[in-house]
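Chains A and B, in that order, are what the protein sequence lines are.
Its first residue numbered 0, the first sequence is counted upward by one per residue in numbering that gives the first Met the number 0.
Its first residue numbered 0, the second sequence is counted upward by one per residue in numbering that gives the first Met the number 0.
There's no promise every hint is true.
[As the list claims (entries may be wrong)] Taking lysine-lysine pairs in the BS3-like style, the calculated list, with each CA pair at most 30 Å apart, reads:
id	chain 1	residue 1	chain 2	residue 2
1	B	Lys155	A	Lys686
2	B	Lys456	A	Lys846
3	A	Lys853	B	Lys456
4	A	Lys630	A	Lys686
5	A	Lys890	A	Lys780
6	A	Lys630	B	Lys127
Honestly, the hints are just simulated from the structure, not real lab data.
Spelled out from the first residue to the last, the chains are:
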Amino acid sequence: MRKINKIVCLAALLAAPCWLGAKGLTGIVLDKTTGQPLIGAAVVVKGEANRGTSTDANGKFTLNVPDDAAEINIGFIGYRSLDLKITDTGIPLRVELETDALGIEEVVVTGQGAAVQKRRISSNVVSVGEEQLAKLPSGRIDQMLQGALPNVQINLTTGQPGTTSIIKSRGLSSAFTNSTPVIYVDGVRVDNLNTKATLSAGMANGAVTGAIGDIPMENIEKIEYVTGGAATTLYGSDAANGVIQIFTKKGGTGRTNVYAEAEIGADIATDRFYHFKRTKDLLQQNGLIQKYRVGFDGGKEEFGYSFAASMSNSDGTLIHDKNRQKKYDINAGMRAKLGKIVDYSSSFGFVSQSYGRSRNGNQGGYTGLWFTEGAASAMFGYDPDLDKLDDETYADMKAFVSEAEALQNATVEVKRYQTAHTFTVKPLNNLTFKGTVGMDYRASTEKTVTTNEYLIHTLQKPEGTTDAGSISSYDRNYFGLTIDLNGQWRAQAGKNFSFITTAGFQYFSTNDHQIAYTATNVRDGATTVAGAGITRSNEYLAYLYNYGAFLQENIGFRDKLFLDLGIRTDYNTAFGDNVGWQYYPKAGLSYTLSDEPFMRWLSERNIVNNLKIRANYGIAGSYPPPFSYQKTIEIGSFLGGQTASLGNYGNPDLGPEKKHSYEAGFDMSLLRSRLTVGFTYYYARTKDALFKAPLAPSTGYDTYLANVGEIENKGIELFANLAIIRNRNWNLDISASYNTNRNVVLSTGGVAPFSIGGMSERTLQNVVEEGQPVGFIRGSKAVLNPDGSLKEVLLLQNLGTTIPTSYGNFALNLAYKNLSLYVNGNYQLGAYVHSFDRQFRFQRGLKDPTVPDKALEGKTQSEQTWNFSNFFVEKSDFLKIRTIGASYRLKFKKFLQYADISVDVHNPFTFTRCSVDPEAVLSGAQSQGGVAAGGFNYSTYSTPCQVIGTLRLTF
Amino acid sequence: MKKTAIYLGTLSLAALLGACDLIQPKDIINPNVDEDNYLGSTSTMAPWRNGLERDFATTVAAFVEMAELVSDNYYNNYTQSSKVFDVPQIEYHDRDVTNLQGLVATLRETAVYGLDKIAATDPATTEKDLYSLRFIRAYSYLLAGEYFTGLPIVSKGEVKDWETNLNQAIAEFKALLDAAPDDTERATANLLIARAYHRLGDRTNAIAHAQAALSASGDFVRYVVFDGNNGVSNGIQGWIYGTAFQPLPRLDFLDPKYFQSVANEQRPIAIAKAEEAWLILAEAQIADHDLSAATATLKDLLALVERRPVAQVNDENETRGTTVSIRYPNRSAYRVAASAEDPLREGLVLDRGKDHPTVTVPYISGTSVTEEMIDAAAADGEDALLEILYLMRQEILFAEGRRMCDLGIRYPVCFNEASVNPTAAGYTEAQIPAFIPLDRDMDHFTLDEAAETVVIKYNMNRIIVDNKNTEYVVPFIH
């Protein structure tokens with residue numbers, strides 16, 4: 000416990016009218032280095048986390064304190080918190096907070112059951128605060144976090160709105176379950192579907208809609224991320240891939256602050272990765288972006304409120320505004336004190352989003368990029384070498400493409416409602432009970448209307464066809480309910496030992512209901528199935544309940560050595576009949592070495608300011624999909640009668656796959672805390688890995704789901720931040736992370752190698768095979784003699800892994816007074832990507848410089864195409880600048896507090912030797928919630944560059 | 000007061016426990032039908048049989064799609080469906096091989112399940128139901144015996160060679176003969192037995208059952224049917240009615256055998272028809288050196304083919320002449336030679352495209368062979384007549400997945416089976432006779448736009464005849 004006499008020097012007193020008395024304490028909180036007021040710093044009565052306030056736009060606060068209160072605590076993300084004794088000086092406090100480069104005093108929740116200081120925990124919890132979030136793109140949560148989480152790799156796999164991404168850290172720990180972390184908003188688990196759904200509206204082979212793109216984005220105060228493993232043991236069978244937790248604002252800073260914001264900008268189409276100069280001209284445009292945001296917040300210690308709303312529109316970069324997107328996002332949060340020991344907080348979020356889609360990927364028939372970059376224009380009677388077409392032919396092609404794009408009609412609409420309610424009861428100073436209940440309801444509708452006119456135009460139906468139109472619609476309703484109860488007891492035993500005992504119960508349920516309704520024999524003009532000649536429907540329902548309880552003991556010795564022990568047990572209704580309650584233990588050690596006397600000489604000389612070492616072991620799980628364990632009979636319809644046939648093979652022993660994770664590392668700050676370094680070595684072994692394993696075909700079944708595999712991931716995570724300049728006017732800091740991963744399937748449990756993505760054996764697939772990385776690219780390999788002639792063709796070869804061997808982020812922040820400049824980006828090394836578009840061009844007879852003519856042995860490229868797949872696999876190393884931005888704050892004295900003006904450019908630069916966008920790989924998951932290995936670039940639009948200017952006025 | 004507190008406490012606890020009930024997993028019931036529920040319900044056989052018949056249709060379609068690519072009949076000009084069966088390159092790890100083997104086993108296991116479990120529990124099971132299940136089980140052995148080097152005849156069982164599978168098919172079809180519900184079914188069962196005997200080279204039995212088939216019905220056609228309204232599709236229809244699969248130019252006049260004249264239409268596929276009985280008889284007669292009888296048989300066959308209907312099909316989007324990877328003839332002016340040694344023939348290519356939107360195609364049977372050609376071939380001798388016979392087999396059975404078998408090509412046992420079934424060891428390589436040209440040469444031709452001629456690289460019918468003494472082709476002779 001820090002003593003006030005140690006920090007009193009930081010709390011310089013101002014000569015101003017005093018007034019701490021019985022009821023009020025006023026003050027201002029500043030950054031010690033820059034002298035800038037800290038907005039939103041928490042000021043709470045020590046020991047009463049719920050009795051507090053936060054600083055206003057000028058860094059000022061007023062707090063009513065009870066008569067018996069002895070100390071207050073002042074904290075802010077990224078700064079060392081301070082404890083101050085309350086003395087009746089009668090003057091406002093001036094508190095200067097020192098940056099906490101390691102953040103070890105910061106209180107985190109995710110993965111801990113209840114609030115715990117970072118210094119006590121043995122795993123790494125990454126926090127992203129409001130200030131940092133403001134510099135990130137605000138369109139969708141995965142894009143926002145792309146450059147913000149140092150150990151996580153987030154790739155937006157297509158530029159079309161609302162589509163799935165690939166999020167992974169520490170490689171792929173499953174060959175069945177998608178690597179997207181579980182996502183919580185204010186303690187409530189939300190829909191994190193990041194793959195195609197089981198049913199679809201005909202878009203399943205192209206860019207598919209996930210649920211990540213419409214997670215509420217307004218009013219976010221803080222985001223925490225923990226990596227799957229020991230850090231997520233308390234989530235049991237649910238979080239082998241880690242947890243992202245979003246906290247929304249529940250109150251403002253004293254007086255009511257009102258803000259209004261307008262963004263205007265452009266989505267800029269790029270031809271960076273197009274083979275043909277004309278592709279962009281044929282398919283893309285620059286689109287206008289508009290976003291308007293209003294909000295207010297305020298409150299005092301007894302009550303706080305916060306409201307934010309935005310609406311946005313973007314035309315998108317596809318011609319005829321085929322990617323137009325509209326979004327409305329509202330969030331309101333509040334907190335209130337309901338008596339002496341009970342606090343209540345809540346948040347409500349609502350998102351309405353709609354956008355259009357253009358055909359892409361492997362959707363067949365006609366898709367714009369396949370037609371152009373994939374040289375399928377040959378199928379429509381054109382010379383596929385677009386750039387060589389004469390003007391007249393090109394004009395004809397342009398008209399054809401324009402009409403083909405214009406005639407497409409695919410839309411997605413989403414309405415999402417999310418709410419969380421938390422009661423905190425504190426009967427004793429050292430005993431806190433917290434209960435959270437909340438839900439996430441997401442309703443989406445996708446619709447593809449395929450007109451006869453489109454089919455005729457794209458040569459799929461003859462002239463005069465009037466009955467071949469179709470409408471493919473699909474509704475998905477997701478409802479998730481979370482109930483979380485926990486209690487935390489803090490105790491001190493003498494001077495040396497402290498204990499935090501946390502126990503809790505968690506329940507969640509998910510209900511995923513999908514209905515597809517399609518119509519054929521549709522006349523043009525109809526956009527609902529009502530007028531169709533023939534209608535058909537399909538339904539999918541998957542729901543499960545998960546119960547879990549945990550107990551965690553955090554034992555501290557002299558506030559520097561901590562032992563963290565925990566166990567979680569849970570039961571999930573997706574488990575097979577023979578599988579009961581599951582147990583997930585964890586143990587960790589955290590040691591703040593810099594607090595030891597023998598290290599003091601280093602800290603006194605500002606060589607090593609802080610050093611914490613940590614190590615842990617823990618298990619986290621992933622449950623199987625609901626009902627996969629049951630042997631079913633498949634019911635259908637044929638010629639007007641009901642059909643029954645062999646369905647799911649079933650497996651009564653189906654249980655969760657378990658990730659056994661070991662890690663050790665340190666966090667340290669050096670050189671007056673100007674340099675911070677974090678290092679972690681991790682080793683994770685997924686046991687009982689779920690494999691969708693092939694069965695002997697003679698059984699009459701194809702595959703079955705079983706816990707038969709074993710997967711290993713190991714590597715290091717290194718993060719460093721260097722404050723090069725830090726004074727009252729200037730601030731310059733740079734940060735970077737470097738992560739490595741080695742992924743290998745240790746055992747397939749005796750099952751034959753199997754595909755988890757891609758196409759057929761003779762083209763390219765993501766494959767799971769013993770001794771190889773999960774989802775490596777497998778295809779034919781042509782081996783050439785030195786003279787360029789063909790030596791041999793080897794089938795089913797490993798052509799490269801899709802999992803980078805190293806990756807990371809980097810950022811630079813420069814501030815001069817009120818002007819800020821910032822740059823961030825990320826990179827990857829050691830992975831590979833295959834370009835179907837390149838290979839299709841080769842197939843259609845266009846020369847590829849990598850394949851010598853001699854190697855074709857006199858045969859056509861079309862005949863030899865799939866023997867030469869290795870020539871179309873490229874290293875996907877890249878470095879991408881995600882954001883370059885500048886912001887300036889103008890301060891005003893009356894009415895208007897300040898105006899923030901910023902200009903941001905997102906995705907401006909990519910540095911890669913790859914001929915295709917290494918990120919634009921669609922996610923490629925074969926089933927709902929399935930693992931996505933990526934690695935195939937197939938007629939996919941890249942995420943566009945965005946230039947956005949923002950004006951924000953705060954009143 | 001104390002009592003009141005106790006009562007209130009008890010009541011509260013009870014209420015709380017009651018609330019727990021709302022979140023207990025009692026209502027977790029699989030929304031799908033599980034095995035126990037199904038077997039415990041009534042009227043289970045009718046849906047089971049209907050489901051099996053649907054699977055039968057889609058299995059036949061899958062075999063047809065793949066076999067047509069493997070043979071010289073069709074070339075895959077597109078990026079979907081198999082990329083290598085045209086070569087033909089067939090490896091035991093190919094997904095298509097796995098799928099086809101799986102389909103055979105699914106038919107068999109579904110039929111077995113129906114006969115063993117469902118028939119035993121559903122008193123409403125009829126003789127027709129049992130006939131259908133047994134017929135399809137028998138057909139699964141026929142598929143195994145005709146298309147594979149060998150396959151297990153029971154789940155996870157020992158791999159048996161193709162002859163054993165054919166004999167199993169014969170035994171099962173024979174057992175059905177007396178139960179056949181009508182003449183078409185009786186003719187079909189007899190023809191399928193004859194087909195199996197033909198492949199086994201058993202001339203006597205093949206003749207007997209071919210004649211029995213024709214006795215039951217002289218013009219029967221047994222189809223499998225699809226249901227476009229329920230998404231049960233004839234898989235090859237989309238490929239051949241579109242531009243993806245292109246026929247060998249001398250077969251152009253037979254394409255598209257499957258087409259759509261109204262939305263959702265899925266054309267049926269013939270699994271047995273009277274023509275094949277004539278073809279078997281004629282081949283047996285040639286093998287017996289009785290060319291005059293064979294000539295007469297083939298002429299009878301021609302008469303039947305001529306009686307078969309044709310359809311006017313809108314095929315204006317067929318882009319034979321304009322695709323870049325391989326240019327195909329699309330005007331009737333083109334003359335086609337079966338090889339450089341063969342004469343150029345007229346009438347094999349139809350006018351297509353926007354200017355000729357409608358084509359006339361035979362959708363049961365068609366042939367370019369005439370009585371004159373038969374007579375001339377007979378005059379030239381056995382081999383010439385045999386070549387005409389195999390040309391007729393190719394044309395009449397076009398797009399029915401049969402040509403691959405006539406070329407002596409067989410799929411291997413797939414990798415997923417072999418990896419857990421040691422008895423598959425000798426069956427994991429495809430049978431592709433040495434005389435089969437590789438590198439897609441069976442589909443090759445030279446097109447001369449100016450001269451409007453097409454010369455096909457290999458006349459596979461002649462190659463079949465040239466290799467009639469090998470174990471792979473012309474079963475009645477080798």
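Evaluation of the provided hints:
A threshold of 30 Å between alpha carbons decides the hint, and for Lys155 (chain B) with Lys686 (chain A) the separation of about 28 Å falls inside it, so the pair holds. A threshold of 30 Å between alpha carbons decides the hint, and for Lys456 (chain B) with Lys846 (chain A) the separation of about 26 Å falls inside it, so the pair holds. Note on Lys853 (chain A) and Lys456 (chain B): the hinted pairing holds, with a Cα-Cα distance of about 23 Å set against a maximum of 30 Å. Note on Lys630 (chain A) and Lys686 (chain A): the hinted pairing holds, with a Cα-Cα distance of about 24 Å set against a maximum of 30 Å.
For a cut-off of 30 Å, the pair hint linking Lys890 (chain A) to Lys780 (chain A) is broken: about 64 Å separates their Cα positions. With a CA separation close to 28 Å, the supplied pair Lys630 (chain A) and Lys127 (chain B) stays within the 30 Å bound.
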